[in-house]
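Use the sequences and the hints to build the structure in full.
There are 10 protein chains.
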Amino acid sequence: MTTPIMSRAEAAELVKAARIRRGVSWSAIAEELGTPLVWTTAALLGQHPMTAEQAGRVCRMLDLEEAVAESLRTRPARGTDEALMSDPTVYRFVEALSVYAPALKELVHEEFGDGIMSAINFRVDLARRPAPEGDRVVVTFDGKFLDNKW
Amino acid sequence: MTTPIMSRAEAAELVKAARIRRGVSWSAIAEELGTPLVWTTAALLGQHPMTAEQAGRVCRMLDLEEAVAESLRTRPARGTDEALMSDPTVYRFVEALSVYAPALKELVHEEFGDGIMSAINFRVDLARRPAPEGDRVVVTFDGKFLDNKW
Amino acid sequence: MTTPIMSRAEAAELVKAARIRRGVSWSAIAEELGTPLVWTTAALLGQHPMTAEQAGRVCRMLDLEEAVAESLRTRPARGTDEALMSDPTVYRFVEALSVYAPALKELVHEEFGDGIMSAINFRVDLARRPAPEGDRVVVTFDGKFLDNKW
Amino acid sequence: MTTPIMSRAEAAELVKAARIRRGVSWSAIAEELGTPLVWTTAALLGQHPMTAEQAGRVCRMLDLEEAVAESLRTRPARGTDEALMSDPTVYRFVEALSVYAPALKELVHEEFGDGIMSAINFRVDLARRPAPEGDRVVVTFDGKFLDNKW
Amino acid sequence: MTTPIMSRAEAAELVKAARIRRGVSWSAIAEELGTPLVWTTAALLGQHPMTAEQAGRVCRMLDLEEAVAESLRTRPARGTDEALMSDPTVYRFVEALSVYAPALKELVHEEFGDGIMSAINFRVDLARRPAPEGDRVVVTFDGKFLDNKW
Amino acid sequence: MTTPIMSRAEAAELVKAARIRRGVSWSAIAEELGTPLVWTTAALLGQHPMTAEQAGRVCRMLDLEEAVAESLRTRPARGTDEALMSDPTVYRFVEALSVYAPALKELVHEEFGDGIMSAINFRVDLARRPAPEGDRVVVTFDGKFLDNKW
Amino acid sequence: MTTPIMSRAEAAELVKAARIRRGVSWSAIAEELGTPLVWTTAALLGQHPMTAEQAGRVCRMLDLEEAVAESLRTRPARGTDEALMSDPTVYRFVEALSVYAPALKELVHEEFGDGIMSAINFRVDLARRPAPEGDRVVVTFDGKFLDNKW
Amino acid sequence: MTTPIMSRAEAAELVKAARIRRGVSWSAIAEELGTPLVWTTAALLGQHPMTAEQAGRVCRMLDLEEAVAESLRTRPARGTDEALMSDPTVYRFVEALSVYAPALKELVHEEFGDGIMSAINFRVDLARRPAPEGDRVVVTFDGKFLDNKW
Amino acid sequence: MTTPIMSRAEAAELVKAARIRRGVSWSAIAEELGTPLVWTTAALLGQHPMTAEQAGRVCRMLDLEEAVAESLRTRPARGTDEALMSDPTVYRFVEALSVYAPALKELVHEEFGDGIMSAINFRVDLARRPAPEGDRVVVTFDGKFLDNKW
Amino acid sequence: MTTPIMSRAEAAELVKAARIRRGVSWSAIAEELGTPLVWTTAALLGQHPMTAEQAGRVCRMLDLEEAVAESLRTRPARGTDEALMSDPTVYRFVEALSVYAPALKELVHEEFGDGIMSAINFRVDLARRPAPEGDRVVVTFDGKFLDNKW
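Protein chains in written order, with our numbering: chain B, 1 to 150; chain G, 1 to 150; chain Z, 1 to 150; chain P, 1 to 150; chain F, 1 to 150; chain E, 1 to 150; chain X, 1 to 150; chain W, 1 to 150; chain A, 1 to 150; chain L, 1 to 150.
Read the hints as simulated data drawn from the structure, not as lab findings. Where hints are given, some of them may not hold.
Said to hold, decoys possible - Just the calculated beta-carbon pair ranges, DEER-fashion:
id: 1; chain 1: A; residue 1: Asp81; chain 2: W; residue 2: Asp114; range: 19 to 29 Å
id: 2; chain 1: E; residue 1: His109; chain 2: A; residue 2: Lys149; range: 52 to 62 Å
id: 3; chain 1: P; residue 1: Ala127; chain 2: E; residue 2: Glu133; range: 53 to 63 Å
id: 4; chain 1: Z; residue 1: Asp135; chain 2: A; residue 2: Ile20; range: 54 to 64 Å
id: 5; chain 1: W; residue 1: Arg60; chain 2: X; residue 2: Glu110; range: 16 to 26 Å
id: 6; chain 1: W; residue 1: Glu65; chain 2: A; residue 2: Lys149; range: 27 to 37 Å
id: 7; chain 1: G; residue 1: Ala131; chain 2: P; residue 2: His109; range: 23 to 33 Å
id: 8; chain 1: F; residue 1: Glu65; chain 2: E; residue 2: Ala131; range: 38 to 48 Å
id: 9; chain 1: P; residue 1: Thr2; chain 2: Z; residue 2: His109; range: 36 to 46 Å
id: 10; chain 1: E; residue 1: Arg22; chain 2: A; residue 2: Lys149; range: 54 to 64 Å
id: 11; chain 1: E; residue 1: His109; chain 2: X; residue 2: Glu110; range: 31 to 41 Å
id: 12; chain 1: L; residue 1: Asp81; chain 2: B; residue 2: Asp125; range: 26 to 36 Å
id: 13; chain 1: G; residue 1: Arg60; chain 2: P; residue 2: Ala127; range: 46 to 56 Å
id: 14; chain 1: A; residue 1: Glu10; chain 2: X; residue 2: Arg128; range: 26 to 36 Å
Since the structure is predicted, the reported quantities are computational estimates derived from the model, not experimental observations. Note that the Cβ used here is the ideal one computed from N, Cα and C, for glycine as well.
Spelled out as C-alpha cells, the structure:
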C-alpha cells in the first residue's frame, strides 16, 4: 500500500530531535555538507529541497531513517506559520521591517532604479560582531537587483 | 486658536514632494545632516524624531515651512501601513523573512544563547555590491544581542 | 461498517508519493490519459473529478489502490489553502494580479463590453519560451467572454 | 507653500474622467505613446512610473494639468485595494489561481526546476480570440524563469 | 465507557460515501422520506435534526450503522466552513448577494416595511428551467416577512 | 481643470435623497425606465452601468444634475461594503447561504453535472406571496447553468 | 442642487451634542415621545427609523434642524462599528455571550424545541436593581420564539 | 505514565452524549445539583469549575467515568469557538448586541454613572413567557454595577 | 445650527500640540490637577471623562478653547487603534502579555481562587527604578480581585 | 527509530495534570527550584527553557517521565494562542493595555526619552495586597529601559 511522503514539517521535527539528542550543532551539519550555514538550517527546517547526496549524508550523520531523507529531497511549499512570527526572537526582524521598509524602498529606487532585490537569487548570512558594549547579531540579506522590465 | 501638529505622514509627503521637485537625493540630505542614510530616510518618512537642529536644516535645504520642522521633531508612533507591505519592492523582504525566520531563530540561539537581536539598539545599512551577473542589493541588519534575563 | 471516501487531499498526497517514487512525470501521466497537462495535474491535486476510466488508468499506472480511484472520481470542493498562496512560486501569480487586475478589468470592458472572462468555460496552459537572456514561463488563461445579461 | 504631489489614485481618477469625457480608448493612448496596451493602462492606473515624455504626452492628449503629469512620473507603491479584488470581472482571475495555483507550481518545477516565474521581468497581454460558441478572453502571463540560487 | 456522539460532519461523510457507493441520489432519499429535496440534503449534510423515524429510514436505506442515526437526530450547530464558501459553485451565490443585497434590502422595505425575510420560517427550492440558450438553475428563497416589532 | 467623475456611491446617495424627498418609489422608477425592478434598484445603487438614455431619464425624473447621470453610465467595481452585510435584513440572506450552500452545491451537481449557476447570465426577482399566517418574501435567483469545460 | 440625506451617524452626533448641552436625559426624551427607553435611545443613535411625528418632536425638543429630522426618518443599515464593541462597558455584554451562548442555545432548544429567539419581534429593557452589596444592572432580552419551519 | 487531564471540551461532549442517551434534561441535572439552570449548563459545557461534590454527583447521575469528573473540577479557559457564534440560535443574541450595544452603554452611564455591568459578579436567567401571539424567550443579564475607580 | 461635540481624538491632538508648544510636561499637568500621572495622561488622551473643574483647569493652563473642555467632559468609547499597538514602545507590553498571560492566569487562580483582576476598580503606575546596568521602567497594574459569583 | 521531542504544549499539559493530581502548588514548585514564581510558572507552561537541573528536579517532584524533562529543556517558540487571550482573567490585562497603552508610551518617552521598556531584560511579579474593600491583584512589569540607538 502506498504511503504518503513524510511532510517537511515532520522531517524537521525529527532532524531537530536527533540533532539535540546527539549534541550536533547546525554548524557541524553545514560543515559536514559543505553548504552555507543559513541555507543548511533553512533547508533542514523545510524551506529548500536537498540533493539525494545531501539528504543521505545528513541522515547518516544523525542516524535518521530513509523516510526523512526522502522528505528532505522534495520541493517544499515555502513559508512559516504565522504563530512563529510573533516569537520575540523572530518578531524583532518583523518589527525592523515595519520601521524601515519604506526607507528601504526609497533607497533601492534611488540607488538602483525601479525594481526589487530578488528573494530568489538571494542569500542570507548571520554573524556575531564583537562590540565593547555587547556583541551584535549581524544579518545580511544579499539579493540580485532586478529591474522592472516588460 | 490651537491647531494640531502636522502628522508625520503629512510631513513625509511634503518632504517627498520638495525633494523630488528640487532634485535632491536622500543621500544628499543625509550628507547635509551628517547622519546615516537609512536612518535619515526613515526619520523623514516618519519613523524617528529629529533634533531641532536636524529638522531645521532639512526644512531650510528643501524650503519647507516651520510646521514641517515642528512635526519632524515629534516622537512618532512607529510602523508601516499594511498596504505598503505588499508592494513588490517591500514584499521581497517580507518573503525572505517568511522563508528564513525559523533558521535565523535557531542560529541566533546556537550562536548567542536564549535571546534576541535588539531592534532598538539597532542599525540598518543598504549597499550596492557589483557582481558579474548583475549588481546586488545588500541590506545589513545589525542589532545588539540581548539575552533573556529575569 | 461504512468508511468515508478518502479525501481529495489524501488522494493527492498518495498520487504525489507514487509519482515521485516511480519517477513518473506529470507530463507522462497526461500523455497516458490523453488529457491536457494543466488539467490533469490540477485534477490529480484535487480540483476536478476524473471519469472512472481516467481514475482507473492513473491508479494502474502508479499502482495505487482502488480507494484512491474512488476519491478521484468525486466532485471536489475547489480551492487552495491560504498558506500555499504565499509560497514564492505561487505568490508571483498573486502579485501579478495585484498589480495588473485593475488594468485587466478596464481592458476586458473596453474590448468586450460589460462582462467577465469565464473561469468555468476556461483553460490554462503553461509553456517554456526560450529567450536569449533566459527562458520564460508563459501561462495562458483562456476563458469564454460572458456578458452581463439579465 | 509646498503642496504634496497628487497621489497616483487621484491621478488615475482624473485620467479616467478625461478619457471617458473625450471618448479616448486605452488603446488609443497606448498607440499614441507607442507602449504596450496592458502596461500603459496599468501605468495610468497607478502601477508604474512613466517617463517625463510619456506623462507629458498623455496629459496633452487628454488636456490634463501638469500636476497629473508630475504624479504619473513618481514610483508608486504597487498593489490593488482588497475591495476591488471581489469585483466579478477581477475575481474570476483570483478564482482561477485558487483552482490552478498548485498545479502551476508543480509544473513550473517539473519543467524548469526549483524556482519561480518572475513578476518583475514580466509582461501581460490580453487578446480576443474568436470562437464559434463565443469569443474568448486570452490573458498571457510571460515572465523570466528565475531559479533558486544562493 | 461513554463515547461521544458521532459529529454531524462525520455522519455527513458517511452518508455521502454510502450514497455514492450505492448509486442513490439525493432525490431518491428525499422521495423515500417524503421530505423536500433541499431540506433533506441539508439535514443529511448536518444542518437540521432528523426525527428518529427519518434518521432510521435513511440509515436502513443506505445500510448505515445506528451511530449515524443517533448523530442525525441531534440538533446541530448550523453553518458552513469558510473554505467551502469559495468553491466556485457556492461562490456564485455569495457573489450574487454581494451585488444584489443592497437592492434586496431597499425592496424588502419598500414592499413590506421595516423588517426582514425570516431565515427560520423559511424554505429553499432548486429547480431546472429549460431555456433555448441553455438550461437555468432557479433557486427560490421563501421566508415569512417579520416586521420590526418592539 | 478636470474633475473626477462622481463615484457610484455618491450618485447612489443622491438618487436615494431625491427619491425619498419626492416620494418616488423604486417601482415607479423601474416602470418609468421599463426595466426589471431588482436590476433597476441595483443599478441605481451602483452595481450596473446604465445607458445614457436610462441615466438621463432617471435624472430628469428626480431632477438630478448631469454629474449624477455621468456617474450612472460608468462601469462600476461591483460589490458591497462588509458592514452592510451584517444589517439584519441583509444578514438573513447570508445566513440562509451559510445553512444551505453545501446542499445547493450537491443538488446543482446532481441535477446538472459538474458546473455552476452563472452569476453573470443571471437575474433576481423579489415578490410578495400572501399566506394565511403572514405574507412571505420570495426571492428567486435564476442563472444559466455553466458546466466546467476545458 | 440635490444634497445627500444626513447620515444616521451624523444625526446621532448632533442629537448627542444637543442633548448634553441642554442637559436633557435619554429618559426625558423617551418620556416626551412616549416610547420605551432603550428603543428611543437606539433609534436616536441610528438603529431604527422614527416616524415623522417622533423625529419632529425630538428635533423641536432639542432645537435641531430639519435635516436631522429627515435623517431620523430613514430606514438605517443597522449594526455597530467593531471598535465600539471593545469599549469596556460594551465588552462585558460580548464577554457574557462568549461564556453563556452555548448554554443558552442548549436551553432554548430544551425549553422550546429547534428554533431561535427572534431579534426582530424583540425588545430590550435596562433596569437598576438595588442590592445590599451594590446596585445591579439588569438587562432583559425578550424575543418571540420562532421554530424552524420549512 | 502521566496522562493529561481530559479537556473541558471532551468532557462536555461526553456529558452531552450521556445526557441524550439517558433522556436526562439539563433541568433535571440542575435540580439534582441544586444549582441554577444556566450556570449548571454552562459549567457542564466547560465554562465554570465544579466542586468535587458537584462533579461527582453529575457523573454518578449520568454514569460517567472519574476522568470526566476530574475534568469538570478544573478551572477552564472560558470562551466559545467563533464558529458557534454564527449558529442562528446563538447569532440572534450577537445581532441584538450589535443593534443595542451603543444604547445600553449610554443608558448604563445615564443611570449609574461611568462604569460597567460586571460580567463576573453576574448571573443569567432564561425563561419562557407565554404570549397570545406566541411564547417568548426571556433572557436576563444581571450584573453588579462597577464604577470606574482609580 | 448645532455642531457636534469635538471628538476625544481631536481634543487629544490639540492637548498634545499645546503641551509641546508651551513646553508643559504631563507631570506638570497632573500636578496642577492634583490627579495621578497615568490617569491624567490617559484621560487627556481620550480614555476617561474629566470633571468640569478638571477640564477647565487644563484648558486654562494650555490656553485651549472651550470646545476642548467640552470634549474632555464626555464619557468616551475607550480603547486604542490597532495600528498603535504595534509601535515598539507599546508592543513590548503586548509581547509581555503574550508570554506571561497564561502564567498570570494560573497564579491569580492559585492565590485568589476563580476570578479576575478588575480593570475598572484599577490603577496603573509608572516609575523609574535606578539600576547599576541601566535604569528600569516599572509599571504596576493594581486591580481589585473579583471572584466569579453567580 | 527517532521520535520527535515532546512539544512544550504537551509537556505543559502533563505538568498541569501531575501538579493537580498531587496537590502541588506552583509556589511549591518555585520554592523547590529556588526560582521566581512567575518565571517558573511561565517556563513550565512552555515559555522558557529550563536547565537540565531544573527540568530534572521538577520531573522528579511530580514523578514525570524523562520525555517531559527533555521537552522542558528546549528553547520554545514563545507566545500564547489567541483563543486564551479572551478568557476573562487574561482579557482584563489586554483591556488595561487597550486603555492605558497610549498613556504609557507618552510617559515612557517623557521620563526616559525615545525608547522602550525591554521585554527581554524583564521580570514580572504578582502579589496580593490586602485592602479594606477587598484584596487587590498587583502585577508589576519591570524591564530595563533601552533607548533608540543607531
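**Request:** Could you tell me which of the hints above the structure violates, numbers in ascending order?
**Result:** The structure breaks none of the hints.
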